[in-house]
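Undergrad: Those protein sequences? They're chains A and B, same order as listed. For the first sequence, our numbering assigns the number 1 to the initial residue and increments by one for each residue that follows. For the second sequence, our numbering assigns the number 110 to the initial residue and increments by one for each residue that follows.
What the hints contain is simulated information worked out from the structure, not anything from laboratory work. Honestly, I wouldn't trust all of these hints.
Stated by the list, open to error - Label-pair ranges, simulated between beta-carbon atoms:
hint	chain 1	residue 1	chain 2	residue 2	range
1	A	L100	B	R208	47 to 53 angstroms
2	B	T142	A	V42	21 to 27 angstroms
3	B	F262	A	V42	26 to 32 angstroms
4	B	G204	A	V99	51 to 57 angstroms
5	B	S270	A	V88	16 to 22 angstroms
6	A	V78	B	F256	37 to 43 angstroms
7	B	F256	A	V31	43 to 49 angstroms
8	B	S153	A	F44	26 to 32 angstroms
9	B	F256	A	H104	22 to 28 angstroms
10	B	P178	A	I53	25 to 31 angstroms
Stated by the list, open to error - Covered, in the sense of this in silico footprint (three residues per stretch, anywhere, with C-beta under 8 angstroms from a C-beta of chain B), are these stretches of chain A:
hint	region
11	29 to 37
12	52 to 64
13	81 to 94
To be verified - Selected chain A positions facing chain B (Cβ under 7 angstroms, derived; list incomplete):
hint	residue
14	T21
15	H22
16	Y25
17	V40
18	S43
19	Y69
20	K73
21	F74
22	V78
23	L100
24	F101
Since we're looking at a predicted model, the values are computed, not measured. Positions of the beta carbon are idealized from the N, C-alpha and C atoms, including for glycine.
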Amino acid sequence: MSSVHGETQAGVHGAAVEHHTHPNYVGVFVVLFVLTAIEVGVSFVPQLPQAPILITLMILKAGAVALYYMHLKFDSRVFSWLFGTGLVTATFLLISFLVLFAHHVGIAG
Amino acid sequence: MQTQAHIPAHPAVPVQVDDPFRGLDVRKFGMWTFLGSECLIFGSLITTALLYRGKHDPGLGPHDVLNIPFTALLAFILLLSSLTMVLALAAIQRGDRRRLQLWLLATAGLGTCFLGGQAYEFSKIVHEGVTLSSSLFGASFFTLTGFHGTHVFIGVLWLLSCVARSLTGGFNERNYIGVEIAGLYWHFVDVVWVVIFTLVYLLAPTG
């Protein structure tokens, strides 16, 4: 992702705010668009291993939005930890429950 | 007896320069904390939707009622709205208030298109016989996607309030944190849809 410009200026409260270089936002969108098109295409080809391909593409897309549009790649690591903690916990919860209850008939009535 | 705090002769305690919390904006910190907690809420709902995807009446499951091409269009709309949102932020960082307003309105418009599309999708699915109370699949599907849609609706209102604030000179190249925080919320809603689209729409029908 190419940089467009970078600058440092005083923030509204007088503290120095460092501006990261702007990624190529349109380029990121094109990548997201292509990945989504591939996802949809893959979903119509049942011969392919759907889950690994689709989940990989999903992670790439969500990661691109978080890193470049939400600026986690350039911002403080504290924000990455805050978000990552929730994300990892939610993923753990999802996998645990799917493993525990996927074939449990009672829970679903 | 009165006690006195010890005041050192040289009170200047060296500031730890690598303190990761130093200089953080408390509003951004709060928003990221909120988004982290939102991961748990959506994680629970997505888990429930995946567990109950096969609990439905014959002929009324995900494979029968979900329209993948139409939902893919909604996914593209939301991805495009993320682009317009980040362009709005970049505009105000340059001090360009006019483009900020234009991009914010475009984002709100795309969000409204998404909501319209979701309302259309809901009406089609209900017409086919899947409702909030018809099956566990229906209950978990509508709860998840409805909760996400509610987030989009709140986001649209938030974006419009940013436009209104911008019209009164509320943002400039030195003060744009309000736009940045609204953008974080909006992008998160997009990330959630990326996950829902893959796990609930693309993968669920095969389950």
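Undergrad: If a hint holds in the structure, say so; if it doesn't, say that too.
TA: Hint check results:
1. A/L100 with B/R208: 47 to 53 angstroms: 50 angstroms, holds
2. B/T142 with A/V42: 21 to 27 angstroms: Given a distance of about 35 angstroms, which is not inside 21 to 27 angstroms, the answer is violated.
3. B/F262 with A/V42: 26 to 32 angstroms: For A/V42 against B/F262, whose Cβ atoms are near 31 angstroms apart, the range 26 to 32 angstroms holds.
4. B/G204 with A/V99: 51 to 57 angstroms: 52 angstroms, holds
5. B/S270 with A/V88: 16 to 22 angstroms: Violated, since B/S270 and A/V88 (Cβ atoms, about 32 angstroms apart) do not stay within the stated range.
6. A/V78 with B/F256: 37 to 43 angstroms: 28 angstroms, violated
7. B/F256 with A/V31: 43 to 49 angstroms: Since B/F256 and A/V31 have Cβ atoms about 28 angstroms apart, the given range 43 to 49 angstroms is violated.
8. B/S153 with A/F44: 26 to 32 angstroms: Hint holds: Cβ distance 30 angstroms, inside 26 to 32 angstroms.
9. B/F256 with A/H104: 22 to 28 angstroms: 24 angstroms, holds
10. B/P178 with A/I53: 25 to 31 angstroms: 19 angstroms, violated
11. 29 to 37: holds (count 4)
12. 52 to 64: holds (count 6)
13. 81 to 94: holds (count 11)
14. T21: With a minimum Cβ separation of about 11 angstroms from chain B (threshold 7 angstroms), the hint on A/T21 is violated.
15. H22: This interface hint holds because 6 angstroms falls under the 7 angstroms limit.
16. Y25: It holds, given that the least Cβ distance between A/Y25 and chain B is near 5 angstroms, below 7 angstroms.
17. V40: Hint on A/V40: holds, closest Cβ of chain B at ~5 angstroms, below 7 angstroms.
18. S43: 4 angstroms, holds
19. Y69: 5 angstroms, holds
20. K73: At 13 angstroms from the nearest chain B Cβ, A/K73 fails the 7 angstroms test, so the hint is violated.
21. F74: Since the shortest Cβ distance to chain B is 12 angstroms, the answer is violated.
22. V78: 5 angstroms, holds
23. L100: 10 angstroms, violated
24. F101: For A/F101, the interface hint holds, since the closest Cβ of chain B sits about 6 angstroms away, which is under 7 angstroms.
The earlier numbered hints that this structure contradicts are 2, 5, 6, 7, 10, 14, 20, 21 and 23.
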